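Place chains B, C and D on chain A using the hints.
The residues making up each chain are set out below.
Number of protein chains: 4
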Amino acid sequence: MPYQLQPGKMYRMPTHFGPSTGPRQGEDGRKFENKDTPKITTIAVSFLTRPDQLEALLPERFELAREPIVTVAASYITEIEWLAGRGYNTLGVSFPATFRGERDHVTGSFLTVLWENLADPIITVREELGYAKIFCELPEPSVFRGERRLIAAWLGFKFLDVKVQGLRQHSAEEIAALAQAPTGDGVLHYKVMPRTGEWGTADVAYATLTPAARPNRVIRERWAGEGSVQFHKASWEELPTQYNIVNTFYDLEIKEYRGASVTKTVGDKDPSDQRILR
Amino acid sequence: MPYQLQPGKMYRMPTHFGPSTGPRQGEDGRKFENKDTPKITTIAVSFLTRPDQLEALLPERFELAREPIVTVAASYITEIEWLAGRGYNTLGVSFPATFRGERDHVTGSFLTVLWENLADPIITVREELGYAKIFCELPEPSVFRGERRLIAAWLGFKFLDVKVQGLRQHSAEEIAALAQAPTGDGVLHYKVMPRTGEWGTADVAYATLTPAARPNRVIRERWAGEGSVQFHKASWEELPTQYNIVNTFYDLEIKEYRGASVTKTVGDKDPSDQRILR
Amino acid sequence: MPYQLQPGKMYRMPTHFGPSTGPRQGEDGRKFENKDTPKITTIAVSFLTRPDQLEALLPERFELAREPIVTVAASYITEIEWLAGRGYNTLGVSFPATFRGERDHVTGSFLTVLWENLADPIITVREELGYAKIFCELPEPSVFRGERRLIAAWLGFKFLDVKVQGLRQHSAEEIAALAQAPTGDGVLHYKVMPRTGEWGTADVAYATLTPAARPNRVIRERWAGEGSVQFHKASWEELPTQYNIVNTFYDLEIKEYRGASVTKTVGDKDPSDQRILR
Amino acid sequence: MPYQLQPGKMYRMPTHFGPSTGPRQGEDGRKFENKDTPKITTIAVSFLTRPDQLEALLPERFELAREPIVTVAASYITEIEWLAGRGYNTLGVSFPATFRGERDHVTGSFLTVLWENLADPIITVREELGYAKIFCELPEPSVFRGERRLIAAWLGFKFLDVKVQGLRQHSAEEIAALAQAPTGDGVLHYKVMPRTGEWGTADVAYATLTPAARPNRVIRERWAGEGSVQFHKASWEELPTQYNIVNTFYDLEIKEYRGASVTKTVGDKDPSDQRILR
Chain A
0 MPYQLQPGKM
10 YRMPTHFGPS
20 TGPRQGEDGR
30 KFENKDTPKI
40 TTIAVSFLTR
50 PDQLEALLPE
60 RFELAREPIV
70 TVAASYITEI
80 EWLAGRGYNT
90 LGVSFPATFR
100 GERDHVTGSF
110 LTVLWENLAD
120 PIITVREELG
130 YAKIFCELPE
140 PSVFRGERRL
150 IAAWLGFKFL
160 DVKVQGLRQH
170 SAEEIAALAQ
180 APTGDGVLHY
190 KVMPRTGEWG
200 TADVAYATLT
210 PAARPNRVIR
220 ERWAGEGSVQ
230 FHKASWEELP
240 TQYNIVNTFY
250 DLEIKEYRGA
260 SVTKTVGDKD
270 PSDQRILR
Chain B
0 MPYQLQPGKM
10 YRMPTHFGPS
20 TGPRQGEDGR
30 KFENKDTPKI
40 TTIAVSFLTR
50 PDQLEALLPE
60 RFELAREPIV
70 TVAASYITEI
80 EWLAGRGYNT
90 LGVSFPATFR
100 GERDHVTGSF
110 LTVLWENLAD
120 PIITVREELG
130 YAKIFCELPE
140 PSVFRGERRL
150 IAAWLGFKFL
160 DVKVQGLRQH
170 SAEEIAALAQ
180 APTGDGVLHY
190 KVMPRTGEWG
200 TADVAYATLT
210 PAARPNRVIR
220 ERWAGEGSVQ
230 FHKASWEELP
240 TQYNIVNTFY
250 DLEIKEYRGA
260 SVTKTVGDKD
270 PSDQRILR
Chain C
0 MPYQLQPGKM
10 YRMPTHFGPS
20 TGPRQGEDGR
30 KFENKDTPKI
40 TTIAVSFLTR
50 PDQLEALLPE
60 RFELAREPIV
70 TVAASYITEI
80 EWLAGRGYNT
90 LGVSFPATFR
100 GERDHVTGSF
110 LTVLWENLAD
120 PIITVREELG
130 YAKIFCELPE
140 PSVFRGERRL
150 IAAWLGFKFL
160 DVKVQGLRQH
170 SAEEIAALAQ
180 APTGDGVLHY
190 KVMPRTGEWG
200 TADVAYATLT
210 PAARPNRVIR
220 ERWAGEGSVQ
230 FHKASWEELP
240 TQYNIVNTFY
250 DLEIKEYRGA
260 SVTKTVGDKD
270 PSDQRILR
Chain D
0 MPYQLQPGKM
10 YRMPTHFGPS
20 TGPRQGEDGR
30 KFENKDTPKI
40 TTIAVSFLTR
50 PDQLEALLPE
60 RFELAREPIV
70 TVAASYITEI
80 EWLAGRGYNT
90 LGVSFPATFR
100 GERDHVTGSF
110 LTVLWENLAD
120 PIITVREELG
130 YAKIFCELPE
140 PSVFRGERRL
150 IAAWLGFKFL
160 DVKVQGLRQH
170 SAEEIAALAQ
180 APTGDGVLHY
190 KVMPRTGEWG
200 TADVAYATLT
210 PAARPNRVIR
220 ERWAGEGSVQ
230 FHKASWEELP
240 TQYNIVNTFY
250 DLEIKEYRGA
260 SVTKTVGDKD
270 PSDQRILR
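Residue numbers (numbering that gives the first Met the number 0), protein chains in the order written: chain A, 0 to 277; chain B, 0 to 277; chain C, 0 to 277; chain D, 0 to 277.
The hints are simulated quantities; they were obtained by calculation from the structure and are not laboratory data. It cannot be assumed that every hint is accurate.
A pair counts as met if it fits within one copy or between any two copies, since identical chains are not told apart.
Cut-off 30 Å, straight-line C-alpha distance, at most; resulting in silico cross-link-like pairs (DSS-like, lysine-lysine) [claimed, not checked]: (1) Lys8 to Lys268; (2) Lys8 to Lys38; (3) Lys30 to Lys157; (4) Lys157 to Lys232; (5) Lys254 to Lys232.
Predicted, not measured: the structure shown is a model, and the values here were computed from it.
Next up, chain A with everything else stripped away, as it sits in the complex (with noise of 0.2 Å):
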């Protein structure tokens, strides 16, 4: 007898042996609350570049939102609970941006891409909730003399240096402020599953949203500074599933710098709130 799916249970290739467990749905299909945990320290930098440069890079529907600045936010997360306690890390690249559809309209931060070191989060978060993750190598990042390195790079080929320094740590009202601030609408993607045989058609093509709510999250502390980002040209034989991604980087142009930071923070949320856009 073939098997068949459980209603309401969540199911990722392979599907032959029963729901699968991930971010959404643990053993025996609970929920995962994110409380107290992950622990996450998140190193970001900001730039201004130019409008046509980002505005290049949104699909249908979307707009630039505000300045043209790019943060690149390399976050390095231990205690994950779906992961029975372990970590992984990530790193992003995002810009201000509006979502004008028929239904909705939301503004927030674009995820143009976000590099992952570990393919369990990749896969799961990729088919369930359309971010854009892909693979590299994200190892812990130095930190000396007051100032912090981290790298990134794809079999032995490292694609990014992103420095920050000259750290001031922020006061619990700084904090406080802080987490009282608007974020807009939350995080937006756009979600395009390739067909089979068909190629050069897609299954599936629509924009997603990671609402702005985490209600348990809370910044432990926060450092604010000054930092620089550096992408390093890739020719195809050196990043042949991602020279594309790096180059379109590597050739932003790099307007002025707007600050630095490194924030601690313990909890997310329950990540299943991510909707389609239409």
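Same frame as chain A, now just chains B, C and D:
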């Protein structure tokens, strides 16, 4: 101005940086013939199990074909064109099955899962072809006093030991006979992509076929011998995204082993002939 | 003109490229004070075993001190000055012992072996200080529902599982009391370097001491709880350079556990006070 | 009762667990003949440089022999007996030199440094034989459209790119001639072990020789072609334990390339004939 997807070009997330490169589309859109490369060493062990245990792993419209023989095959691949000459490793578990659809009626090897140790081929082939690829560590096998050993692990938890020994090299005639032997219609998969936000429903669910033809594949050397397979039972804490898969294989009764082999091949084919089964 | 070793400078192989940099000599010969850094999280579990099993691990002129309590301690270290702010991890097994030499009579912690996951500190500290450092994989521990788990592995063979739970945080007073508690004279080692060609003889064989003083070490947080240690028996094929070590620990009788702790510290000392015991 | 070192047995730190296993002593003390294994693929590129730049790298009693030709050779090794059939990779930089001692007068290849990607052979061979082995990452080379590329890196910093192309396969006659060609007396090393506590002094400092005889080594295939070598300049922050080595090679003038080769061999010898030069 937002970008437009170029017609006839293949895209994966992120789609914002132009057409995506991968096994079916290189720089400037060229194809990969896979002639003379890649070079692949495959270690395979087969065993007879209970038919009901395999039937429980088959999606709708699939049924067991011939004997319930499971093959565990690990391939160590180098000189891959679409990765500019790099390599990666794979570990698949398959058994013979038939798909009976409205239009298609095909028999081949049902690939229940394919572990790989590099995220890039996992992403592209899950989404474009519908292979049930997931990640694990697959270090080079050891070869010692006539015995080959391979392991597979996920973040330090070793979930598989395979040993092969007593290898006898095939003659050129035996290899030629093998190359002529009927192989069935190809490799069978069941592609599923979940729908964002409507948890428990799928945007995509169809069977796919990798047609058997591999015109550029040449067997260079082959050995036959004896082997064994030992999956290790895992808790959710040990393998939070894969324990259900590994434990299913752990539970398979091994009625008798049906031989082992080591095969060295060069070449493959343009992997664009994958198609949806209906 | 051949080069001359510069007097007063430290050298390791290769000596041909000028003085060697490491923990005791940085660029331009400067020292590392290790104030405020490194940052170390140590997970330790202790157990009572049979005295004869530990006595068998002591070199000449060493004897057991106090109770035969073995401590397995894993340290996860970041912001290391001599590595320009990078980190690495260690795993040590030690018990109390006394060295009675002609001149020196010291009691401390006898460090039987110290695994580390980076070759550079292994090399420099074996050769300069006489620590019995060897290599293994030491991934970040997981933290899940109040339980910390760590593993140690060598090329895919996991040889150790440690679990710690029931942690109760120490008060500032308890930490202060702990910092005042007598710790013995330091850490004891037995340094041996084989003589080339005259196999079975040694160029060097002497005990060394890491004096207990660590003026810049500050305990930031500490928790005490319960823990367990499980070494896994290995064949020569599984651990061809370390099976004898791991199996010795596997064979130790665990009469009773003597508590576990998690300690977060910053700072250490200039590691140049290591000396030979006579 | 403390343990006694068993006479005639080889020991490395830790010495507390019985005789140490390694390339020169296996389980139960047996030797490794290295017949038919290991299997090694070596990629080598040579270039002519300035003699004074090489003389500056020679210890006392060494002098340049023949032309100042540097060879950068990377070996990818599998099926190593003493590692129970596993493998690892190496990268050496050498040039011809003569040692003129009181007793010995030998000419061979002076191995200035040998990077390896596994700590176990680094430790055993530094201490037992006096090779100047240190650690780096050495991923498998890529092979693409007739070009082989290899890299070497340390914690994400790529310090070397080597490319080889235009390869022409040698005939059996050419290989036979090569196997007959005089190779000098062997490989020359300078072994130094620092003395603990008396910083800047050494317990051990002597030259050693790996005699040229490798009775079980068979060249299976060989290709000759053209190649290039590019070391990348490093800051102390980028390579805190190796910047002096890499920068010395970066500074070497490349007057002209002297060819490249790819060589596949099987077998080696019992590596116990290493001896001290006097």
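Going down the list of hints, with the structure as the test:
| no. | hint | verdict |
| --- | --- | --- |
| 1 | Lys8 to Lys268 | within (20 Å within a copy, 37 Å between copies) |
| 2 | Lys8 to Lys38 | within (28 Å within a copy, 40 Å between copies) |
| 3 | Lys30 to Lys157 | between (37 Å within a copy, 27 Å between copies) |
| 4 | Lys157 to Lys232 | both (10 Å within a copy, 15 Å between copies) |
| 5 | Lys254 to Lys232 | both (19 Å within a copy, 29 Å between copies) |
Against the hints set out earlier in the document, no violation occurs for any number.
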